[in-house]
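If you're matching them up, the sequences are chains A and Y in order.
Just so we're aligned: the first sequence equals residues 589 to 805 in this note's numbering.
Just so we're aligned: the second sequence equals residues 589 to 805 in this note's numbering.
No wet-lab data here; the hints were simulated from the structure.
Check before you lean on any hint, since a few could be wrong.
As the list claims (entries may be wrong) - In the DSS-like style, the derived pairs of lysine-lysine whose C-alpha atoms are separated by at most 30 Å in a straight line are:
1) K753(A) x K795(Y)
2) K753(Y) x K795(A)
3) K802(A) x K802(Y)
4) K753(A) x K802(Y)
5) K802(Y) x K805(A)
6) K732(A) x K802(Y)
7) K805(Y) x K753(A)
8) K805(A) x K732(Y)
9) K802(A) x K805(Y)
10) K795(Y) x K805(A)
11) K805(Y) x K732(A)
12) K732(A) x K795(Y)
13) K805(Y) x K795(A)
14) K802(A) x K753(Y)
15) K805(A) x K795(A)
16) K805(A) x K805(Y)
17) K802(A) x K795(Y)
18) K751(A) x K802(Y)
19) K802(A) x K732(Y)
20) K795(Y) x K751(A)
21) K795(A) x K732(Y)
22) K631(Y) x K666(Y)
23) K805(Y) x K751(A)
24) K732(A) x K732(Y)
25) K795(A) x K802(Y)
26) K753(Y) x K805(A)
27) K590(A) x K659(A)
Number of protein chains: 2
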Amino acid sequence: MKIGILGTGQVGNLIGSRLIETGHQVMMCGREANNQKGLDFVKNNSENASYGTFAEGAIFGEIIFNATNGKFALDALKLTNTDFADKIIIDVANPLDFSAEPPTLIPEFANTNSIGESIQNLFPKAKVVKTLNTLAIALAVNPKQLNNGDHSLFVAGNDENAKTKTITILTEFGWNIDNIIDIGDITASRAMESYLILVVRLSMALKVPMHSIKVIK
Amino acid sequence: MKIGILGTGQVGNLIGSRLIETGHQVMMCGREANNQKGLDFVKNNSENASYGTFAEGAIFGEIIFNATNGKFALDALKLTNTDFADKIIIDVANPLDFSAEPPTLIPEFANTNSIGESIQNLFPKAKVVKTLNTLAIALAVNPKQLNNGDHSLFVAGNDENAKTKTITILTEFGWNIDNIIDIGDITASRAMESYLILVVRLSMALKVPMHSIKVIK
Chain A
589 MKIGILGTGQ VGNLIGSRLI ETGHQVMMCG REANNQKGLD FVKNNSENAS
639 YGTFAEGAIF GEIIFNATNG KFALDALKLT NTDFADKIII DVANPLDFSA
689 EPPTLIPEFA NTNSIGESIQ NLFPKAKVVK TLNTLAIALA VNPKQLNNGD
739 HSLFVAGNDE NAKTKTITIL TEFGWNIDNI IDIGDITASR AMESYLILVV
789 RLSMALKVPM HSIKVIK
Chain Y
589 MKIGILGTGQ VGNLIGSRLI ETGHQVMMCG REANNQKGLD FVKNNSENAS
639 YGTFAEGAIF GEIIFNATNG KFALDALKLT NTDFADKIII DVANPLDFSA
689 EPPTLIPEFA NTNSIGESIQ NLFPKAKVVK TLNTLAIALA VNPKQLNNGD
739 HSLFVAGNDE NAKTKTITIL TEFGWNIDNI IDIGDITASR AMESYLILVV
789 RLSMALKVPM HSIKVIK
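Produce the entire structure from the sequences given, and follow the hints as far as they go.
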């Protein structure tokens, strides 16, 4: 599948590499026509890797990952100059304000809002799915590194077909379908984003490189 | 141990009954000298159950549970007319605003604040510990009902000795000490309180009477 990734940081890089490993064509996208991290990504991956601007990635991809810094996510997506009609946007961004110690949520996206639903509201023709933001991204794209993959991941979004396509990618990453929990429409992004505050505290308390949660019922 | 419980609702009732089952003396406390739910609690439990006002409970208990409605918790605690010097307050209150659908956090306690730390700030001589608020209270006081008790609980607070005493009570409830995670000082109440938004969505999605999470590392 053709997939555009907006954001050339570590999150975009790890998602992009894993997508190529699992057989997809990936355009890594930055704001500028020449972005060193994006060009390095192309060099470090196979012929299935390319680089483009945000605008080019939004055209290229059937699915677009939003892997931008949460603080600037909306502005970054506007740079595509598209309405994302019928495109799936998989939003993995986090609204953490790292200027606070420990981090808090960026007020704009806290409690009665979220990045996920803000993107959906900004691009009503897109099909936004929130996922992968609730654990370290290296583990999120390769879950079998921990507990043989037996831990939980969440998805939220308004469009059932988009969630199904997203879940297919997640299973390619190694997630067992029984461990992927659909928690509802895109406003449930609030749950996944505010949960990060607990993730931060767990990281401070557990002092281990990888941790996650398994929902028990 | 002598324990006062502020709040005669279901939460206070379940905690109080379980404390009596595990050998403690409990004063169930309401705003008024005569509270039907409080008197029913005394009738339904052993000679170790008594009823009193908030003020009486704060004097009676070496440990005080705050089991009041989150929205009114601070005002309720002020009714005790005490500074809770050297008392342990175990805060189990939730800052959910049920006028929203699904519920959001009460803004006063969202993101950069929490009920737990607000109580600590209001009563600096008290030793406030936050716990038990992250799952259904019936399960929280009797964790072995689910997965043979193998799921996780969190504690937060500034005073190590108060956390140790709280953890002793939690193990009496049936929690395995390895499943109780100390996530830091009382400001970590934010993590436990904002996590409720995910709990609410999981309750809607899973449609099972009991669920919890186990931290995997």
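Evaluation of the provided hints:
1. Restraint check: the Cα-Cα separation between K753(A) and K795(Y) comes to about 24 Å, which is no more than 30 Å; the hinted pair holds.
2. Between K753(Y) and K795(A), the direct Cα distance comes to roughly 24 Å. Compliance with the 30 Å bound is thereby established for this hinted pair.
3. For the given pair, K802(A) sits about 5 Å from K802(Y) by alpha-carbon distance, which is consistent with the 30 Å threshold.
4. Our distance criterion of 30 Å between C-alpha atoms is met by K753(A) and K802(Y), whose separation comes to about 28 Å.
5. For the hint pairing K802(Y) with K805(A), the CA-to-CA distance comes to about 10 Å; that is within 30 Å, so the pair holds.
6. The straight-line distance between the Cα atoms of K732(A) and K802(Y) is roughly 17 Å, inside the 30 Å bound, and the hint therefore holds.
7. For the suggested pair K805(Y) and K753(A), the alpha carbons sit about 29 Å apart, so the restraint of at most 30 Å is met.
8. About 12 Å separates the Cα atoms of K805(A) and K732(Y), which keeps this hinted pair within 30 Å; it holds.
9. Of the pairs offered as hints, the one joining K802(A) and K805(Y) holds, with about 10 Å between alpha carbons and a cut-off of 30 Å not exceeded.
10. Restraint check for K795(Y) and K805(A): the C-alpha separation of about 10 Å stays at or below 30 Å, so the hint holds.
11. Between the alpha carbons of K805(Y) and K732(A) the distance comes to roughly 12 Å, so the proposed pair stays at or under 30 Å and holds.
12. Of the pairs offered as hints, the one joining K732(A) and K795(Y) holds, with about 27 Å between alpha carbons and a cut-off of 30 Å not exceeded.
13. For the hint linking K805(Y) to K795(A), the alpha-carbon distance of about 10 Å falls within 30 Å, and the restraint holds.
14. At roughly 28 Å between alpha-carbon atoms, K802(A) and K753(Y) fall within 30 Å of each other, so this suggested pair holds.
15. At most 30 Å may separate the alpha-carbon atoms for a hinted pair to count; K805(A) and K795(A) meet this at roughly 27 Å.
16. Of the pairs offered as hints, the one joining K805(A) and K805(Y) holds, with about 19 Å between alpha carbons and a cut-off of 30 Å not exceeded.
17. Note on K802(A) and K795(Y): the hinted pairing holds, with a Cα-Cα distance of about 17 Å set against a maximum of 30 Å.
18. Restraint check for K751(A) and K802(Y): satisfied, since their Cα atoms lie roughly 25 Å apart, inside the 30 Å limit.
19. Taken as a hint, the K802(A) and K732(Y) pair is honoured in the structure, with Cα atoms around 17 Å apart against an allowance of 30 Å.
20. Note on K795(Y) and K751(A): the hinted pairing holds, with a Cα-Cα distance of about 20 Å set against a maximum of 30 Å.
21. Simply put, K795(A) and K732(Y) have alpha-carbon atoms about 27 Å apart, close enough for the 30 Å limit, and the pair holds.
22. At most 30 Å may separate the alpha-carbon atoms for a hinted pair to count; K631(Y) and K666(Y) meet this at roughly 28 Å.
23. Proposed proximity of K805(Y) and K751(A) is supported: the alpha carbons are some 28 Å apart, at most 30 Å.
24. For the suggested pair K732(A) and K732(Y), the alpha carbons sit about 28 Å apart, so the restraint of at most 30 Å is met.
25. Restraint check for K795(A) and K802(Y): the C-alpha separation of about 17 Å stays at or below 30 Å, so the hint holds.
26. Between K753(Y) and K805(A), the direct Cα distance comes to roughly 29 Å. Compliance with the 30 Å bound is thereby established for this hinted pair.
27. Distance check on the hinted pair: K590(A) and K659(A) sit about 27 Å apart at the alpha-carbon level, within 30 Å; holds.
In terms of the numbered hints stated before, the structure departs from none.
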